[in-house]
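Undergrad: Sequence:
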Amino acid sequence: MEPKVVIVTGASRGIGLAVAQSLLAASHKLVLVSRSGGPFQELKDRYPSQVEYLVADMTVADTAFRVTELAILSFGRIDGVVINHGVLSPMTRIENASVEEWKKLYDANFFSALALTKEAIPRLRASKGRIVYVSSGAATGAYTAWGAYGSSKAALNSLAAHVAVEEPDITSVAISPGRVDTDMQKELREKGTEMSKKDYDTFKADFEEGRLIKPEQSGGVIAKLVVSARLEISGKYFKWDAPALAEYRQ
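Going by the working numbering, the residue at position 37 of the sequence shown is 37; the numbering climbs one at a time, nothing skipped.
No lab work stands behind these hints, which were simulated from the structure alone.
Keep in mind that the hints are not guaranteed to be accurate.
[Unchecked claim] Taking lysine-lysine pairs in the DSSO-like style, the calculated list, with each CA pair at most 30 Å apart, reads: (1) 214 <-> 191; (2) 198 <-> 104; (3) 186 <-> 204; (4) 239 <-> 224; (5) 224 <-> 236; (6) 128 <-> 118; (7) 128 <-> 239; (8) 103 <-> 118.
Please build the complete structure, drawing on both the sequences and the hints.
TA: This is how it looks when you write it as structure tokens:
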């Protein structure tokens, strides 16, 4: 496959870093974004012709423009975008919710994704490219105290579907990566005190009994999707291990 140019957000750790590492191993060119930067310089040193990066908060107004411009200035095109950044908290029952905290979460999980989508569409239209939105099982299910996170991911699924309808040359999919062994799962175990005990105990047991998914597993699927997802699946939401995605797990 000819190398593609891909933007990956939330790329300094967890799923985003796993996606980046998989794409770099396949010789693709990346623009990486996160608030912390993490291992970006190390990746740049290892893959000098394949990596550019931006240490920035996706909720800041001009970040979406800056990252797309960096891709164009560095590599001349954009073939794919992985929108992976996001936050879990606040984890509270709706009766205890702070509307302002929900707005901040929506800025991180949805509106910043919308901003990057809007900036990338003209470039992806030209390249017949792809957007992969990292969603969650919480988008289609409900857990006590997950209202903010789950509803924001449901909105992300809807955004993926609407991009597919409006942009027939862009393949747009939303993917649930499953219960992945990341810092977000650690945060859930530490802060999920308002969850129902039954639900909380299932997450805790998955960790303690070694059932959490490795970032490389679902991250590898996302990496393949962003460079080779078929147009026929555009607009849809899948769990990372869905039968329909078997070809992307090989």
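Undergrad: Does residue 118 sit within 30 Å of residue 103, going by the straight-line distance between their CA atoms?
TA: holds (20 Å)
Undergrad: Assess, step by step, whether the Cα of residue 239 is no farther than 30 Å from the Cα of residue 224, and give holds or violated.
TA: Since the Cα atoms of residue 239 and residue 224 sit roughly 14 Å apart, the hinted pair holds (cutoff 30 Å).
Undergrad: Could you grab the alpha-carbon distance between residue 128 and residue 239 and see if it respects the 30 Å cut-off?
TA: Cα-Cα ~24 Å, so holds.
Undergrad: Assess, step by step, whether the Cα of residue 224 is no farther than 30 Å from the Cα of residue 236, and give holds or violated.
TA: Holds. Residue 224 to residue 236 sits at ~16 Å (cutoff 30 Å).
Undergrad: Between residue 214 and residue 191, is the straight-line Cα distance small enough, at 30 Å or below?
TA: Within the cut-off at roughly 22 Å; holds.
Undergrad: Holds or violated: residue 186 and residue 204, Cα atoms, limit 30 Å.
TA: Roughly 9 Å separates the two Cα atoms, so the pair holds.
Undergrad: Would the pair residue 198 and residue 104 pass a check requiring their Cα atoms to be no farther apart than 30 Å?
TA: Cα-Cα ~28 Å, so holds.
Undergrad: Checking one constraint from the list: CA of residue 128 to CA of residue 118, max 30 Å. Satisfied?
TA: holds (15 Å)
Checked against the numbered hints given earlier, this structure breaks none of them.
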